[in-house]
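**Student:** Sequence:
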Amino acid sequence: MDALQKELESRKSEIINGVELFFKANMTITDWDVPEVDDHAAAMQLIALMQEALDKIKVDIASGKYDYY
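Sequential numbering from 11 applies to the sequence shown in our numbering.
Bear in mind the hints are in silico, worked out from the structure with no lab data behind them. Computed from a predicted structure; not experimentally measured. We treat Cβ as the ideally placed atom computed from N, Cα and C, and that holds for glycine. Some hints here could point you the wrong way.
[Unchecked claim] Restraint-style ranges between C-beta atoms, simulated for each label pair:
hint	residue 1	residue 2	range
1	W42	K68	30 to 36 Å
2	E24	E62	36 to 42 Å
3	G74	K16	22 to 28 Å
4	T40	D12	36 to 42 Å
5	A72	D12	18 to 24 Å
6	D70	E46	18 to 24 Å
7	V69	P45	22 to 28 Å
[Said to hold, decoys possible] The list that follows gives simulated cross-link-like pairs (lysine-lysine, BS3-like), each with its CA atoms no further than 30 Å apart:
hint	residue 1	residue 2
8	K16	K68
9	K66	K16
10	K34	K75
11	K75	K22
12	K34	K22
Take these sequences, add in the hints, and give me the full structure.
**Tutor:** Quick look at the structure:
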């Protein structure tokens, strides 16, 4: 395992927890703003938005945007 793999592995749970916290915070905000919301539908739409953001980041990575971050 190289240094990068070790670094990311050491922070894996922190990264996953951060993503889950972001998701849960946005679910809470949605519930506040739309109390009658179908939580399952909201969760699926939120995940789709998050995936869209991740896909954009992947495109940015492929284009070299983060080569010298």
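**Student:** Hints broken by the structure, by number, lowest first?
**Tutor:** 2, 6, 7
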